[in-house]
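One-letter residues, chain by chain:
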Amino acid sequence: MAIIPIERTAKELVLTIQDYSLFAWRAFMNLFTEPRYWSEYLIQSDIIGVGSTAIVLLSGFFTGGVLALQSAATLSQFGATAVTGQFVGITMIRELGPVLTGIMVAGRNASSMASELGSMVVTEQIDAMRALGVDPMRKLVTPRIFACISMLFFLTIVADAFGIIGGGAVTVFLNHQDGTQYFSKAWESLRYPDIIQGLVKPLFSGYIIASVGCFYGLRTTGGTQGVGRSTIQAVVNSSVLIILVDFLLTRVLLAFFPPL
Amino acid sequence: MTASNASGSPQLPQPLPLGAGQHPTADQTPVLAFRNVSISFDGPPVLDDITFSVAPGETRILLGPAGVGKSVLLKLCNGLLHPDQGSIQLFGEEIASMPESKLLPLRTRIGMVFQEGALFDSLTVRDNVAYQLIQELVSDDEIDTRVREALTFVGLEETFSSFPSSLSGGMRRRVAIARAFINHPAMLLYDSPTGGLDPVTSTNIIELIVKERDVHHTPSMLVTHRLQDAFMLCTHEFSTEFNCMIPFPNGQTDPRTTFLMLNEGRLVFDGSIHDLIHSDNPVVREFLE
Chain B
1 MAIIPIERTA KELVLTIQDY SLFAWRAFMN LFTEPRYWSE YLIQSDIIGV GSTAIVLLSG
61 FFTGGVLALQ SAATLSQFGA TAVTGQFVGI TMIRELGPVL TGIMVAGRNA SSMASELGSM
121 VVTEQIDAMR ALGVDPMRKL VTPRIFACIS MLFFLTIVAD AFGIIGGGAV TVFLNHQDGT
181 QYFSKAWESL RYPDIIQGLV KPLFSGYIIA SVGCFYGLRT TGGTQGVGRS TIQAVVNSSV
241 LIILVDFLLT RVLLAFFPPL
Chain H
1001 MTASNASGSP QLPQPLPLGA GQHPTADQTP VLAFRNVSIS FDGPPVLDDI TFSVAPGETR
1061 ILLGPAGVGK SVLLKLCNGL LHPDQGSIQL FGEEIASMPE SKLLPLRTRI GMVFQEGALF
1121 DSLTVRDNVA YQLIQELVSD DEIDTRVREA LTFVGLEETF SSFPSSLSGG MRRRVAIARA
1181 FINHPAMLLY DSPTGGLDPV TSTNIIELIV KERDVHHTPS MLVTHRLQDA FMLCTHEFST
1241 EFNCMIPFPN GQTDPRTTFL MLNEGRLVFD GSIHDLIHSD NPVVREFLE
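Top line first, the protein sequences correspond to chains B and H. Going by our numbering, the first sequence wraps up at 260, each residue one higher than the last. Going by our numbering, the second sequence wraps up at 1289, each residue one higher than the last.
Calculated directly from the structure, the hints in this document are not laboratory data. Check each hint, because a few of them may be wrong.
Stated by the list, open to error - Here chain B is said to cover these stretches of chain H; the calculated rule only asks that three of the stretch's residues, wherever they fall, bring their Cβ under 8 angstroms from a Cβ of chain B:
#1 1113 to 1119
#2 1127 to 1136
#3 1199 to 1209
Claimed, not checked - Computed, partial: chain H to chain B, Cβ under 8 angstroms:
#4 1098
#5 1100
#6 1102
#7 1105
#8 1108
All C-beta atoms in this analysis are idealised placements derived from N, C-alpha and C, irrespective of residue type, glycine included.
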């Protein structure tokens, strides 16, 4: 494997960040000017939202279950198994629901966006679209970004709900504890700041998934091999960015909504 | 073949006299004009100091071996690429540094046929051909009528509801031509329209290009490295009487169809078929022979 000079790598990194920033800004601002492609938005909402429901539902359910298993084992040492519901509920809603949903949707949709747009680039379909007087940013990128933001918001709610249900199922059927106590603790301990924290994060994650997926797709060079490379870059970078932004957001949101 | 006649036969084609109001003259404003255009991509220039123009009604055939920048030049014509330096005037407007938002409406006046067709594989033939009309919110009934007309023009009426994946390479190229023709463009760009096709299909495609040239007199740029196709364009006309392409009588040629040749990023020839055949330029001679 060739050793790439550090200087060149650094320049490429800076250039990529600059290109991505301009790309993401332009895609966002397109929503406020004509033409808008609402039919594309609905199609993408169906692909991203409805298409991802099953994986989000399952991953949420089993994550909640694992949380209940692990926490009950630890909490029993302090005689505090009664707060399992509180632990699972707050953890799912504030942190794991948004992050896991983001990563699951990134794996499914950032890859699909990068490979679809990448294939269109290498077969000159993007150039054909431009030659026909249609802006690919408006037609392909902006609807995907806004579909991903809005759908991730609802998918996160689904993941949160099924995470708590999964935790409840484990609590009742495996840990043989009281289900009513689990759900009432989960409900009582929930505050509005927890919900706000949990529902602000998917707005950012959705933006990251679609913009990174489309960015790498439209930058594809080098034929089918390039499409594969773009797909990997889209999934890896969007997943890492989701976790990074989640950390920064948590820091900021905790400043606004300090824990009791 | 016409190409072998050109390179091997002492009988040379003669240009037809210019028809009044139909053929390019010196005082006509060019549809497209390149002035000292250069472009490079992280290395030596792909195109270096290119100057030429396309007059109304003129068909310019861009010749040259593979990889000399012919497709790049074609993409500069409608602003899909921007030059590093030089001036490009399209319909009298400077497009070399024009932003994409202003280029998009300008491009709707140009039809472009890509090397492999570049059809949208998730759309039917109807939606591919009507792509521009759909964006312009034309009614469905009118779209259907115009798409059927365009498909009839290229002889593919039966593919109306098909998807591009079910078509052969030649059929896809003809659908791409229908898509380029449907909005009656003010200029046409063809990027190797016969590349990779068998001789019979290539002749069919050339016939469509000749038909568009002779019926609608649309100015065009055509990129090819196939000399036989270029010569066929120059030595044939479309007969509305017989509804097919026929050779000009007495070995004459179309004076509105002229040649450019690229080599190593530079324009090495600009002139008529007569000038091309008589050129002393060693690069031109090597290409012809």
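Of all the hints numbered above, which does this structure not satisfy? Sort the numbers upward. 3, 4, 6
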